[in-house]
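J.: One line per chain: the protein sequences are E and S, in this order. Residue 200 in my numbering is what sits at position 200 of the first sequence, and the numbering runs on without skipping anything. Residue 1056 in my numbering is what sits at position 56 of the second sequence, and the numbering runs on without skipping anything.
I should point out that these hints are in silico values taken from the structure, not numbers from a laboratory. No residue lacks a Cβ here, since even glycine has one placed at the ideal position from N, Cα and C. Heads up, a few of these hints could be off.
To be verified - Okay, the calculated bits of chain E under chain S, using three or more residues with CB under 8 Å as the criterion:
#, region
1, 183-190
2, 199-212
Unchecked claim - Here chain E is said to cover these stretches of chain S; the calculated rule only asks that three of the stretch's residues, wherever they fall, bring their Cβ under 8 Å from a Cβ of chain E:
#, region
3, 1030-1036
4, 1042-1055
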Amino acid sequence: MAQADGQIAPTRDEGQALIRGERRRVFRFKLALIIVGLGSGLLGALAARLLSGRPHTGGLQDTITLWRAPIPLWTILVVGLAVAATAGGLTWRYRPGAGVLRLIEVPGQRDRMQNGLARWLFITPLCAVAGVFALPALIGQILAGHAPLIVWVMTPALTFAYPYMILASLLTRNRIGRALDDELTRALRAQAFTVGFVVAMIALAGLFWLGLYRPAWMVEGLPAALLICATVPAWTYAFLNWRAERDG
Amino acid sequence: MAERGLGNHLKALRTERGLTQAELAQRVGVSRKTINTVENSVFIPSTLLALALARTLETTVEALFFLVED
C-alpha cells in the first residue's frame, strides 16, 4: 500500500514472510552465540588447566585424561581455536541485520520528548525541596525588615519558580508542547491531576485541622503541603509514563 | 448489566503488515507508548485515533476493535 511518506508498506504475505525470515535469522544468531559460549568455555578450561599451578614438563605436550584417554593439550588448543573461529564466523554471518535492528523498538522523537518530560517531572521536586523549606526563613527576614537584596530576589523566585516549572511542563502549548500533547499524554495527565487533587484536599484538610489546634504549626506545615501537592501529580505522571513505556 | 471492555486485533494486524510499534506510531502521528497501551487494552483510544489506526492499517474500525462483555 502506498504511504504518505512515499514508502511502500509490505503486503500481508510479504509481512508474514518478513517475520518468518527474521525469526530464522534470530534463531541462527542465538545458535551461533551458543557455539561461541561452548568454544569460549573449552578455551577457558584449557587455560585453567595450563595455569593450574601443576608442574608441567612438556608444555603443550602434556596430556589430560578425558574418558580414560590421554589427550595432549595442543589438541584441545587446536580444537578450541577451531570452534572459536567457526563460531566467530557464524556470529558474523548471522549478526543482527537491518531487519532485526528495525524490530528493536527505537523510540521516535515524540517518545523521547515525552520521556524527557517524565524525567524532568521526577527530578524537579527533588531539586525544589531545599528551596521550599528555605522560604519561611527568607520571608521571616523580609518581615523582620533586615533582608538583604538577595533575599528579596530569591523569595519570589522560589515561590513561583517551582509551581511554574511543573505547570509549564504540563500545560505548555508551544511547538514542543504540541508534540508532547497526544491523547495518551492527556489521559495520563488527567490521572495524575486527579491523584494530585485528592492529595491536595487531604493535605489542606490536615492543615486546616492542624491550624485549629495550633495555628503556628499550620504555617510551618505550609511548605511541606506545597511540596506534596506539586510532587505527587508530577511523580504520578512520571510513573504512569514509565508503566506505559514498559508494558502498556 | 455486564460491564463492557474494548478488545482489539491491533497487534495481529500490525505484525501481519510487518510494522513495528514505532513505525505504526510514526505513521499515525502518536507516540509508541500510545500504540503499546492500545495493544494491551490499557488505554481506550478516541474515535479519532481508532479511525486513524484503521486507515493506516487499511482495515475498518470494526475489524480492528471489538466489544468484550465481562
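J.: Taking the hints in turn, state whether each one holds.
T.: Each hint tested on the structure:
{"no.": "1", "hint": "183-190", "result": "holds (count 4)"}
{"no.": "2", "hint": "199-212", "result": "violated (count 0)"}
{"no.": "3", "hint": "1030-1036", "result": "holds (count 6)"}
{"no.": "4", "hint": "1042-1055", "result": "holds (count 6)"}
Checked against the numbered hints listed earlier, the structure breaks hint 2 alone; every other hint is satisfied.
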